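Trainee: Residues per chain are reported as follows:
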Amino acid sequence: MGELKLMKGNEAVAEAAIRAGCDGYFGYPITPQSEVMEYLMAEKPFERTGMVVLQAESEVAAINMLYGGAGTGKMVMTSSSSPGVSLMQEGISYLAGAELPAVIVNIVRGGPGLGTIQPSQADYFQAVKGGGHGDYKMLVLAPASVQEMCDHVKLAFDKAFEYRTPVMILSDGAIGQMMEKVVLFDQIPRRTDEELIKQCPWASNGRPKTRNHNIITSLDLDPAGQERVNLKLQAKYQMMEKNEVLYEEIQCEDADYLLVAFGLSARICQKALDLARAKGIKVGLFRPITLFPFPAIEVSNVGNRVKGILVVEMNAGQMIEDVKLSVGCKVKIEHYGRFGGIIPSPDEVVKALTQKIIGG
Amino acid sequence: MEEQFAKTEIHKPENIVYKKSDLMVDRPLSYCPGCGHGTAHRMLMEVIEEMDISDKTIGVSPVGCSVLAYDFLNIDMLGAAHGRAPALATAIKRMWPNHFVFTYQGDGDLAAIGTAETIHACNRGENITIIFINNGIYGMTGGQMAPTTLPGMRSSTSPYGRDVPTMGHPLKITELIAQLPGVYYVTRQAVHTPNNVRKTKKAIRKAFELQKENKGLCFIEIVSNCNSGWKMTPVQSNKWMEENMFPFYVLGDIKVDGKLIEMTK
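As given, the protein sequences belong to chains X and A, one line each in that order.
Following numbering that gives the first Met the number 0, the numbering of the first sequence begins with 0 at its first residue and continues without gaps.
Following numbering that gives the first Met the number 0, the numbering of the second sequence begins with 0 at its first residue and continues without gaps.
Source of the hints: derived by calculation from the structure; they are not laboratory data.
Everything numeric in this text was worked out from a predicted model, so none of it was measured.
Note that CB positions come from ideal geometry on N, CA and C, so glycine has one too.
Any given hint might turn out to be false.
Straight-line distance between alpha carbons at most 20 Å, and here's what the computed PhoX-like set of lysine-lysine pairs gives [what the hints assert, rightly or not]:
id, chain 1, residue 1, chain 2, residue 2
1, A, Lys201, A, Lys214
2, A, Lys19, X, Lys208
3, X, Lys180, X, Lys153
4, X, Lys208, A, Lys55
5, X, Lys128, X, Lys323
6, X, Lys323, X, Lys355
7, X, Lys197, A, Lys55
8, A, Lys201, A, Lys18
9, X, Lys241, X, Lys231
Non-contacting residues of chain A with respect to chain X, defined by C-beta distances greater than 10 Å in every case (computed) [claimed, not checked]:
id, residue
10, Lys11
11, Pro27
12, Gly37
13, Pro158
14, Gly167
15, Lys171
16, Thr192
17, Asn213
18, Lys238
19, Trp239
20, Leu250
21, Asp252
22, Leu259
23, Ile260
Same shape as in the complex, but just chain A (with noise of 0.2 Å):
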């Protein structure tokens, strides 16, 4: 008795002071403990309900971990086919111009099979918003390579570490869409302190911001972990994160108010 009301007690709205967003679905996820895509989840969902734009927002799934993402968020969505989800996404703009788009995709989906549909919604400007979670590792399907995996990072078809000149380079797509006269807003961010979530969180509403004022197409990138894929405990692939991807995967923004940021790396 006395358990149960000490928690009507903390569940007195004067006493919340921090509560998942109700766009949420109340289920639980079906990311790995540790995953950065639960955090990624939350922060997109806070900015919709935040911004009141939940009955004006749809969204497309990739395949990969998050194919299921539409299960978790309560807003209209589509999954899409493998990579294409920036084909959908230009269709549903073009065809609800007055309504919210974005796109939630891996590094597999966007930066790999997809890469075609990428670049292109991005050099058309198409007005939606791209997240893009880059663990540098196909994590679906049991880890194996993908574009974004670093020079020597083991993952399940580069047992051996990635091999670069038979495998080929980690490929940098957002660099690379920052480029496109298309692009307005590039930012690549992390979720794996508070801090760099308060980040991820701000680029997210200033995407959809952006959105609102047609200003053309918003990019960003999340770099997370993958410690079932890396083979470590989630603290372990965190650190790791910072010491390997971070050095490749610079955090910051490269793109604003549609002029590049001078890079000093």
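So here's chain X without its partners, still in its complex pose (with noise of 0.2 Å):
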């Protein structure tokens, strides 16, 4: 077993990005996140792994940074929070064009605009969706723990590599803000320059005489060529699709009624589940890890066995939409949410859930 600490997410976001190897962190300033920044800079990776930090002088420079360090094909990471994660929206539809391994952190707050600094999840589409221009999707984790904090951050670097894309993790000011106990993994050490040439023969880090040189790129000028580029991506989101869907189901086997919500919002349905059990009413909960690839199949297994189904979220009505075209049109799907940085109670959502669902 690893190291157990008592962090916070955002904290337990840093270390796991040393542990994992990571060769450089560029970011900047925003709450309810800079304690990423901070912890990195306090605990010196350049010293412990070789590890860069650099401060940029936006979101913009910090996420051209990362096309740049991914390019070279560097294991790179940033984090923000939703107003800089929306600047970062160009250079991630970048990433995805050019197919870079990358991992963008979001510890989402309340907006639109500036907003409030208090957590919400009302950046699902942005991030689920594709969020800048283009046809591009990125692989979405949602935390709902400190300790998937850590773990996300491992398993997002080694499906940025195998994909060669953008992986975001979509967590929230809470989850980034709360402290938990956490079992950190052992340190990984960083590649060398000759295992990352091997693991990366696209990349562009100098051309040896022996080879053609290597161009990273979102460009194609000819139509039939960026036809081409879309079709791989395509096929690459489709895999993803297959092979990378992580859901978590809780008392699902005998429920009568469906929850279904991500990160805080299905910690905080956990609690609702047992105080609705505690009533008699047998409430199921299912939690998608991966936002995309979107757990479809299986929420719409569960989903059709029961009565009704009621999506909680920190937002006004963002995932339901995914919900409703898994699970189809013969079970009643309502949503509950709460916004502008208000997280729902525990009895909120047993309330909501009996007004519009039980007895709607």
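Can you join these two chains into the complex? Each is in its own frame, and there are hints to help.
Mentor: Structure below.
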């Protein structure tokens, strides 16, 4: 068993990056995720592993530093919160287009605009449906605990390189700020240059005289060429849908009603489930862990066995669209959401379930 | 037969007095005939070839006319989003500190949309080389006004000439950058005459040598023509450049060995 520590979610992300063998972190301060870079700067990973940590002049610069580092085959990460991640959308689109591996952590806060610094899940659409321009997706992980904040960093790097794709960890201000115990995985050594070149023969990191030049770009002026790029990307997303779906089912076997929630909302729903079961209402919880690829078949299998589904999100109803597309129209599906940084209480969720689904 | 014989004769190594760099990919350039980009590319590749650092050089191309520079330069390259080349180069150099890293950018890319990335990479003193091609116009998108368009100069978005009260002044970003302590060497050159080409090549060589010594950021502006955008013949455009661009964008060293050169103008 690895080292046990009490940590904030943001700190767990930072420590996990060092331990995963990350080569470079590039970020810009924004509440509620500033602890990521603060922790990294204090920890001096450049002494621990040789990892580079750089405070950029903006989120725009940070995401493009990611593009630069990723294009040379390095393991790179950034983190930000909603307004900053909006600024990164252009860069993320370029990362997807140029098929570069990178990890982006979004500690979501309430919007729109400057919004609030309190937690929210209102960036689901932006993360899952593309966000920037063009037809692209990212693999999106939704941690629901500080432990998962740590574990998902490692997973995100693995998948980023396996698929040559940007991967987003979509968390929120509460999980970023809250402290929980976490079992840290052991230090994985950073790859040597030789290992990197072997793993990333496509990377632009200096052309040996034995090969032609490598070019990292998202541009193809020939429509037929650009269509081929798009078809390749779509094939990659289909592979993710086939192989990378992650989810958790809690007490779904005998459930009459189903709660569907991700991240922090799923934590609240777990308590709501206990409250409802204490009242004799048989409730189950389905928690998507990957938001893209969405566990469509899995939620449909459970969803079509129950009398009604309540999708609980800290937004105005975003993931519910994917739940409805997956489950179909035979089962009643309603949404319960709070916005602007308000975290729903378990009691509220039980009440909403009773009123919207059971009583409705 | 006779003609072919003559050709082989000329191609004999001992008869070759000049040839293009092997680092230039053997394909037609996408630039308009008469444009300075091709010459600038060649000087850059000649320096890298002569220093024998092609296996340790990583280039970043911009968005603009030279967006396809990576197709012509046979070294590892990354195509950046518009204006972001210095951000890419920063990360690349930080993670490959023993490699040579350069950006190649136009005036719209470097001095308008990428101003923040340019200023901050320079101010951090990143050990990279920035090659800045200034032709006072957005060439690729069809000749719109650039941050460096001269007062009164016509473009497709300043069809009656750049009106300074409403459109602002042209930006001498090179002079601005020279003020920053992280910047070690700043020079402004041209590639329209053999003499200027030689000077430009010397400047590029100097910048790469300084990068080897980790002296800080080196910045080379090349004032160039855009005969298509300026709606002139190549010869006219070079004359116009000498008469109009050079008095405003004065050629020569601006900062050497980390010290500003005393300006007479």
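Trainee: Each of the hints needs a verdict: does it hold here or not?
Mentor: A quick look at each hint next to the structure:
A distance of roughly 17 Å separates the Cα atoms of Lys201 of chain A and Lys214 of chain A; the hinted pair therefore holds under the 20 Å criterion. Restraint check for Lys19 of chain A and Lys208 of chain X: satisfied, since their Cα atoms lie roughly 18 Å apart, inside the 20 Å limit. Between Lys180 of chain X and Lys153 of chain X the alpha-carbon distance is near 18 Å, which keeps this suggested pair within the 20 Å criterion. Note on Lys208 of chain X and Lys55 of chain A: the hinted pairing holds, with a Cα-Cα distance of about 11 Å set against a maximum of 20 Å.
The straight-line distance between the Cα atoms of Lys128 of chain X and Lys323 of chain X is roughly 15 Å, inside the 20 Å bound, and the hint therefore holds. The straight-line distance between the Cα atoms of Lys323 of chain X and Lys355 of chain X is roughly 16 Å, inside the 20 Å bound, and the hint therefore holds. Distance check on the hinted pair: Lys197 of chain X and Lys55 of chain A sit about 17 Å apart at the alpha-carbon level, within 20 Å; holds. For the hint linking Lys201 of chain A to Lys18 of chain A, the alpha-carbon distance of about 18 Å falls within 20 Å, and the restraint holds.
Annotation: proposed proximity of Lys241 of chain X to Lys231 of chain X holds, straight-line Cα distance about 15 Å (limit 20 Å). At roughly 24 Å from the closest C-beta of chain X, the C-beta of Lys11 of chain A stays outside 10 Å, upholding its exclusion from the interface. No Cβ of chain X comes within 10 Å of the Cβ of Pro27 of chain A; the nearest lies about 14 Å off, and the non-interface call holds. With a cut of 10 Å on Cβ distances, Gly37 of chain A stays outside the contact zone with chain X, its closest approach being about 18 Å.
Every beta carbon of chain X lies more than 10 Å from that of Pro158 of chain A, the smallest distance being close to 28 Å; the non-interface claim holds. Taking the minimum C-beta to C-beta distance to chain X, about 22 Å, the non-interface status of Gly167 of chain A holds against the 10 Å cut. Listed as a non-interface residue, Lys171 of chain A keeps its Cβ farther than 10 Å from every Cβ of chain X; the least gap is roughly 21 Å. Its beta-carbon lying about 31 Å from the closest one in chain X, Thr192 of chain A satisfies the requirement of being farther than 10 Å from that chain.
The beta carbon of Asn213 of chain A is kept farther than 10 Å from every beta carbon of chain X, the shortest such distance being approximately 16 Å. Every Cβ of chain X is farther than 10 Å from the Cβ of Lys238 of chain A; the closest lies at roughly 33 Å, confirming the non-interface assignment. For Trp239 of chain A, the shortest C-beta to C-beta distance to chain X comes to about 30 Å, beyond the 10 Å cut-off, and the non-interface label holds. Remark: the non-interface label on Leu250 of chain A is consistent with the geometry, its nearest Cβ contact in chain X lying 30 Å away (cut-off 10 Å).
Every beta carbon of chain X lies more than 10 Å from that of Asp252 of chain A, the smallest distance being close to 28 Å; the non-interface claim holds. For Leu259 of chain A, the shortest C-beta to C-beta distance to chain X comes to about 24 Å, beyond the 10 Å cut-off, and the non-interface label holds. For Ile260 of chain A, the shortest C-beta to C-beta distance to chain X comes to about 28 Å, beyond the 10 Å cut-off, and the non-interface label holds.
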